[in-house]
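Peer 1: So the sequences go chain by chain: A and S.
With the numbering used here, the residue at position 101 of the first sequence is 101, and numbering never jumps.
With the numbering used here, the residue at position 306 of the second sequence is 1306, and numbering never jumps.
No lab work stands behind these hints: they were computed from the structure.
One thing to keep in mind: the hints can contain errors.
To be verified - In silico lysine to aspartate or glutamate, DMTMM-like type, Cα no more than 25 Å apart, as pairs:
1) Lys153/A to Glu1178/S
2) Lys1176/S to Glu180/A
3) Lys21/A to Glu1048/S
4) Lys1176/S to Asp57/A
5) Lys99/A to Asp57/A
6) Lys153/A to Glu1357/S
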Amino acid sequence: MHRALALLVLVAFFAGCKSYKTKRVDPADDDVLMGTGLESADVLAISNLADSLLEVDQLTGPHVEGIPTVAIHPIRNDTDIDFDAELLVRSIRQKLVKKASHRVTFVSRDQMDEAVTEAERAAKRKGEYTSSKQEVRTGADFYLTGTASSITKVGHGIESRALFIDFRLIDAENGEIVWEDGFKTKKVGRAGIVYR
Amino acid sequence: MIRTAFLLALGGLALVACRSRPPYRAPAAAFYNGHPQHAYRAIVADGERGIPPEDEALWRNELGVAAICSGDEEAALRSLRIAGGIMGTLSSTSTEDARAIFGDESTKTYRGDPYERCMNAFYTGLLYYRRGDLDRASASFKRGLLADAWSEAGEHQRDFAALSFMLGWVSHRRGKPEQARYSFKEAATHAPRNPHLADPRPEQNNVLIVAGLGVGPVKFRSGPHGSVARFRRRDYPEEGIEVLVDGARVGQSAEATDLYIQAITRGKRVLDGIRSGKAVFKTGTYIAGQVLLYDALYSHKQQTGQALVALGLLLASALTRAEADVRHWDLLPGEIHVLPLSLAPGRHRIEIRVPGESGHPIAGWNRVFDVAVPPSGDTLYYFRTGPRKSIYGLVDAPRAPEAEDLPKLGFFAPGMSVASPPKR
Chain A
1 MHRALALLVL VAFFAGCKSY KTKRVDPADD DVLMGTGLES ADVLAISNLA
51 DSLLEVDQLT GPHVEGIPTV AIHPIRNDTD IDFDAELLVR SIRQKLVKKA
101 SHRVTFVSRD QMDEAVTEAE RAAKRKGEYT SSKQEVRTGA DFYLTGTASS
151 ITKVGHGIES RALFIDFRLI DAENGEIVWE DGFKTKKVGR AGIVYR
Chain S
1001 MIRTAFLLAL GGLALVACRS RPPYRAPAAA FYNGHPQHAY RAIVADGERG
1051 IPPEDEALWR NELGVAAICS GDEEAALRSL RIAGGIMGTL SSTSTEDARA
1101 IFGDESTKTY RGDPYERCMN AFYTGLLYYR RGDLDRASAS FKRGLLADAW
1151 SEAGEHQRDF AALSFMLGWV SHRRGKPEQA RYSFKEAATH APRNPHLADP
1201 RPEQNNVLIV AGLGVGPVKF RSGPHGSVAR FRRRDYPEEG IEVLVDGARV
1251 GQSAEATDLY IQAITRGKRV LDGIRSGKAV FKTGTYIAGQ VLLYDALYSH
1301 KQQTGQALVA LGLLLASALT RAEADVRHWD LLPGEIHVLP LSLAPGRHRI
1351 EIRVPGESGH PIAGWNRVFD VAVPPSGDTL YYFRTGPRKS IYGLVDAPRA
1401 PEAEDLPKLG FFAPGMSVAS PPKR
């Protein structure tokens, strides 16, 4: 009994020596370092918005003529989280391209190219660019844009962050918003005692 | 047997609670002797030899500053971003909590005081701004302001004027005039003697000079058993930087943030209370152990049990670590200054002089930089002064990709993905 108690005490105190082994986990799962910012599970959830986008009549409906082109613009980061917005663009774009299959064309655009894209669209209307010319740019029929925003509060060792990532599909011809959807999440974390 | 287990457990506590290596200290002497490249190489070499995991964020912050002053902006940004990630992690493990409460506090992961987290965000934001990534610059400045807002006493802090100013500046560039006006006003409120903060005219001024002056505060132990962490200001003669462009004086910087003031104006921390308790416990068990041992040894009765208890108390006192954690970011400047300017596009010769307390430039303390102000947009230059009359500068910004650098896009069949423009 006494030996067992001594052993228990020793194990308890040497527990701090235990090392953490690297292991593979599902990107959709949270981990021990989860914070209140953007997590891998959030990125995967955002990419699921692609399903909603592809149901838009103007893109995939029975009355659509030809194959519309969607220019995907970078997501604007208005949050207080330093994250690579390109990751979100890639995530949703991969799903769109995978599912679009002969129905919609997607092209990437840098933010600087909004004016360029509009100029291309104008040129396309004039008949200067057609789908048969391999060497020319593709004018866009729609723009896909996004904005990430956050509401963050801190105090008494607690951090609360609500994250909103909103997407819009805009008709390049008339500026009409033909689709809008978003991802929302809120996390609350408490700093460990040693960091307060 | 119980006594044996007790003594073994105390021994185990000692092993768990103690550091195996001393806390990381940057080679500040090389840096402040006017050799940032030497310091940079030495800090990199320290990393190759191995940094204790609990000091990684501190090491990366020091590396970031040395890299900035050596002109390696990409390495600086990488290092500071990783440090910022570590510093921003909220959770601590139960082991870390136990170590901090019962053992040496420097065994916990360094995450910096709020002013250090602010400076990590400030530098990160500056570097993002210089490479043209305004969104991430904005996010970094906001992160810094949040770090400044952490206050255990509950009151709202957010008085890091340099961060507020930079958020205003980048908000204007991002087409958010309302946010810009609010942030400039916030900055001016917390640094009312700075004439540049309230109305920096970002629509007219196309060059922003940001300067880090002098040396930052040093953290040291005081109080019973060194349980209280205090800051001391380090002296430096710089009062600002004077800027001449092509031989003509165009302005002098003004202080936006004093890092010593930021360091000392924090609410009472939870750990201060724990350390105070530990100091009392350490003293109490020592006294009690001595009294019991004296009585056991010199009493006319054989009191082996009492002697063992006394030894246990003395051991507990010896093993209790009440010392404050005094790890701090050694290579930080003492102040942050700003100066917005309007310069014609094209090549210019910028001379930086350093005025002292008299208001006149200190003899022999100047340096000339050749710059190219872009034809459109704006640019940000960062200068750092230090001992031995040193002046380091980040001038011409890393070039953003031009339109002709982007790959030509051909026609893509449906379902094909398109590569994004290459990142620089």
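Peer 1: List, from low to high, the hint numbers that the structure doesn't satisfy.
Peer 2: Violated: hints 4, 6.
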